[in-house]
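Student: Each chain, letter by letter, is given below.
2 protein chains.
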Amino acid sequence: MKKDVALVHACRLINHGPTVLVGSAHAGRRNVMAAAWLMPVEFVPPRVAVVVDKSTYTRELLMASGGFTISVPCRAVLDMTYTVGSSSGRDLAQAGGPDKFERYGIESFDSPLLGLPFVEGCIAWLECKLINEPHSEEAYDTCFGEVVSAQADSRVFDGGHWSFRADNAELHTLHHLGGGHFAWPGQSVQATLLPTR
Amino acid sequence: MKKDVALVHACRLINHGPTVLVGSAHAGRRNVMAAAWLMPVEFVPPRVAVVVDKSTYTRELLMASGGFTISVPCRAVLDMTYTVGSSSGRDLAQAGGPDKFERYGIESFDSPLLGLPFVEGCIAWLECKLINEPHSEEAYDTCFGEVVSAQADSRVFDGGHWSFRADNAELHTLHHLGGGHFAWPGQSVQATLLPTR
Chain A
1 MKKDVALVHA
11 CRLINHGPTV
21 LVGSAHAGRR
31 NVMAAAWLMP
41 VEFVPPRVAV
51 VVDKSTYTRE
61 LLMASGGFTI
71 SVPCRAVLDM
81 TYTVGSSSGR
91 DLAQAGGPDK
101 FERYGIESFD
111 SPLLGLPFVE
121 GCIAWLECKL
131 INEPHSEEAY
141 DTCFGEVVSA
151 QADSRVFDGG
161 HWSFRADNAE
171 LHTLHHLGGG
181 HFAWPGQSVQ
191 ATLLPTR
Chain B
1 MKKDVALVHA
11 CRLINHGPTV
21 LVGSAHAGRR
31 NVMAAAWLMP
41 VEFVPPRVAV
51 VVDKSTYTRE
61 LLMASGGFTI
71 SVPCRAVLDM
81 TYTVGSSSGR
91 DLAQAGGPDK
101 FERYGIESFD
111 SPLLGLPFVE
121 GCIAWLECKL
131 INEPHSEEAY
141 DTCFGEVVSA
151 QADSRVFDGG
161 HWSFRADNAE
171 LHTLHHLGGG
181 HFAWPGQSVQ
191 ATLLPTR
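Residue numbers (the working numbering), protein chains in the order written: chain A, 1 to 197; chain B, 1 to 197.
Pulled out of the complex, with its shape left as it was, chain A reads as follows (with noise of 0.2 Å):
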């Protein structure tokens, strides 16, 4: 099911705005928390920005390992990206017990370039190295990454096109309207050009 993506449609992954997974790793620590302020900033080479509070665990394994990566979740893992973006990695990591990863049962999977963890149950991997960019990072919480890979899911995301079907529902990916409520693209229609007056 999971199939490269070439990186010329690396945005295309996030280009509707869907929330995200945000992994991270250094030293032996990792977590992994929900994003839904991120978005491409430019096609080649692909490049996002994504914002990670500066009080994040997230965000102080990120910048020790110049890198991160982002899983995008779907309705299959409604309940698992809710809780992993409202539950704190450092309060865990400072209590001494399991990370976010054992302490809900989430599976991962080494990201093939950097290493660091991609979520299971997902349907699309982009792996990111860090731009360094302090003045926004400290400013407004806005990281900027260049893809260096990307893989989807072939049963949603195929030859560079999403397809969102009735048949593949529990597939699709979760946009957050706030406070743990969350939408999918039910239905999905080509736009024509409208003539001029």
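Worth flagging that the hints you see were computed from the coordinates, not collected in a lab.
No incorrect hints appear here.
Covered by chain A, per the in silico footprint, the following chain B stretches (three or more residues, Cβ under 8 Å):
#	region
1	73-81
2	151-164
Selected chain A positions facing chain B (Cβ under 7 Å, derived; list incomplete):
#	residue
3	A36
4	W162
5	P185
6	L193
7	L194
8	T196
Note that CB positions come from ideal geometry on N, CA and C, so glycine has one too.
Since the structure of chain A is provided, determine the placement of chain B on it from the hints.
Tutor: Below, chain B alone, put in the same frame as chain A:
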């Protein structure tokens, strides 16, 4: 139907990743373009980041005026959204003919504080003062703005919350999958926190 939205809730209008229309005007010229690359970066004060390519007419106008508007389109204006994202305001201006609003019969109204064009037929409207960030603008075409007023159509956003239902389907937001193919939130659900293992 248009109702003021508290600034503390302004980011909810775009939290789920809709494609938007960016309005701009300066010295008697105006333009509107579609943008899928937009995200909140701060709840309070509400701030956003939007990618506006440096080659665009919109970029020229928003840099000159120091502000821009965001109108959130819906299914009822699907083709208009695609159309303003597929034509160049500069080409029209250089040809000396009508602008996109006139050419495609798009009704507009002035944003309350900055007097910049909002698009009628949309379901939410945010006006933004540009925050001067020359490096991000140059390196990533990423423009930061502070939201100074927000409104929404109370049939689909009220009390700080979106409500996408079968009876307001024409008012659902658009999410660009690429190439003029758009999805919309057909359904939504409240997530539940997972128990720990």
